Amino acid sequence: MIQQIEYNETIEAMIRQYQVQQIGHNEIIETMTRDYQIEQVIDRIIQRVENNEEVTRKPDEILPSHLSTIPKYGGWGDLKIIYVCACQIAHLFPNELPLLENLKSACVRMIGDQLKYDQRVLLKQSNEPLNTENQETITKSQDWISNCANEAPRISNNSKKFTTVMAKEIAQYLHLSNSLTFKNEPQLSTWKGQAYENYRCLIGKLCRLLEKASPAYVDEQAKLKNRNDRAQFCTKVQREQLLTAPPASTIIYPIPQPLPPCSLKELKPLLEYLSSNKPGPCDDKQPIVFPRGTLMTGGRLDLCKQVVGPQSVQPLLDAMKHSSYVSRLLLGNNIVGLPGAKGISEYIRCNSDSKIDTWYIACNTFDSECISLICEALAKDSKVKALWLKRNPIGTVGSNHITRMLMTNTCLQTLDLFNTGLLDEGYWFSEFDFYN
Numbered sequence: 001m002i003q004q005i006e007y008n009e010t011i012e013a014m015i016r017q018y019q020v021q022q023i024g025h026n027e028i029i030e031t032m033t034r035d036y037q038i039e040q041v042i043d044r045i046i047q048r049v050e051n052n053e054e055v056t057r058k059p060d061e062i063l064p065s066h067l068s069t070i071p072k073y074g075g076w077g078d079l080k081i082i083y084v085c086a087c088q089i090a091h092l093f094p095n096e097l098p099l100l101e102n103l104k105s106a107c108v109r110m111i112g113d114q115l116k117y118d119q120r121v122l123l124k125q126s127n128e129p130l131n132t133e134n135q136e137t138i139t140k141s142q143d144w145i146s147n148c149a150n151e152a153p154r155i156s157n158n159s160k161k162f163t164t165v166m167a168k169e170i171a172q173y174l175h176l177s178n179s180l181t182f183k184n185e186p187q188l189s190t191w192k193g194q195a196y197e198n199y200r201c202l203i204g205k206l207c208r209l210l211e212k213a214s215p216a217y218v219d220e221q222a223k224l225k226n227r228n229d230r231a232q233f234c235t236k237v238q239r240e241q242l243l244t245a246p247p248a249s250t251i252i253y254p255i256p257q258p259l260p261p262c263s264l265k266e267l268k269p270l271l272e273y274l275s276s277n278k279p280g281p282c283d284d285k286q287p288i289v290f291p292r293g294t295l296m297t298g299g300r301l302d303l304c305k306q307v308v309g310p311q312s313v314q315p316l317l318d319a320m321k322h323s324s325y326v327s328r329l330l331l332g333n334n335i336v337g338l339p340g341a342k343g344i345s346e347y348i349r350c351n352s353d354s355k356i357d358t359w360y361i362a363c364n365t366f367d368s369e370c371i372s373l374i375c376e377a378l379a380k381d382s383k384v385k386a387l388w389l390k391r392n393p394i395g396t397v398g399s400n401h402i403t404r405m406l407m408t409n410t411c412l413q414t415l416d417l418f419n420t421g422l423l424d425e426g427y428w429f430s431e432f433d434f435y436n
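Residue numbers (UniProt numbering): 1 to 436.
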């Protein structure tokens, strides 16, 4: 039985807490509407108790009848917010804990009951694709799932998070059985684990079904279906036109991801560390991180997408000469261009005690001239085992330099030429030269 207690301060605190959690100017109208609905519902609960009406009914019967308007006019996520607010203010109102617990339980049951209903609807859905003629008729005659799964709380790795606690309570509520008994703690733990996994699976299935029914997804599928460049929808003439059309410019001249270049000042901490020949990390989970660049285990120096640029690549290579730790340079998407190619070729050719066996130099705007310098340095090299050149505009002319390098180099084990604009001409030219 609910006893008449002082609700006003509790309710005001919950409303204030709820308002604080709403973010974004584009949600102001929606927030005002939801605040109004929550306040109206709780006011009705207060009025019912103060008037001593139906106080003999159980809280389980009273609360859902009033809270049901919240997801109707607001959203299922509002029940989650009410639950979190009740948890956050519990320490402020120790005498009202039973009320707050009843409120939380009602929110859990409402979401749980809706998910049960949605699960039953889900089980009725056919996996067979529907044609256009029957789809509208079937949709009208069928029940459809709510948006509850999209807004329901998730089970995260943080067990103390209020939304995680709520999600676990909903999962256990869905997994309850009248004949359920546990003889020991391991059995209970196993049951909870199964309940949580079933909850995750159910939420995932419902969300995927909702996504496929969304207007954006339907429009995207319609666009894909009506694409004129798909071979199965092309006429014979259209197919011939596609096959004879020249390759796109992004195939012939691949470009790196546009990023702002870094300054030499940002590289300074890394350069000083390398110049001092300090050791690298011993633990995979504890790399040495700099403002630009990261030293990792296995001798890896990761500078991918740090945009060293043509101005700073030479100071980087000079600092690397003093490091006995770095053996793999990951310099992808740094746009070092011709200055970078000159510096790398000189490093390979002139460093007799070089430790670098892997050069990951993808996306650096290396053209045929740049590749000629690097290949000339690698022609008689006996240290470099892996060379990654993807997304550099090497072109058919550059393939000639690669072929001649491969005819004399006996150390290279990995050569990546993905999306380098070689085309058929570059491939056949390289193969002909290599075997002749």
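The set of hints was computed from the structure by calculation and includes no laboratory data.
Treat the numbers as computed from the prediction; the structure is a model and nothing was measured.
Heads up, some of the hints might be wrong.
[To be verified] Derived lysine-lysine pairs resembling DSS-like cross-links, with alpha carbons at most 25 Å apart:
| no. | residue 1 | residue 2 |
| --- | --- | --- |
| 1 | K380 | K355 |
| 2 | K355 | K305 |
| 3 | K278 | K321 |
| 4 | K192 | K212 |
| 5 | K223 | K161 |
Non-conforming hints, listed in increasing numerical order
When the structure is compared with the hints, numbers 4 and 5 turn out to be violated.
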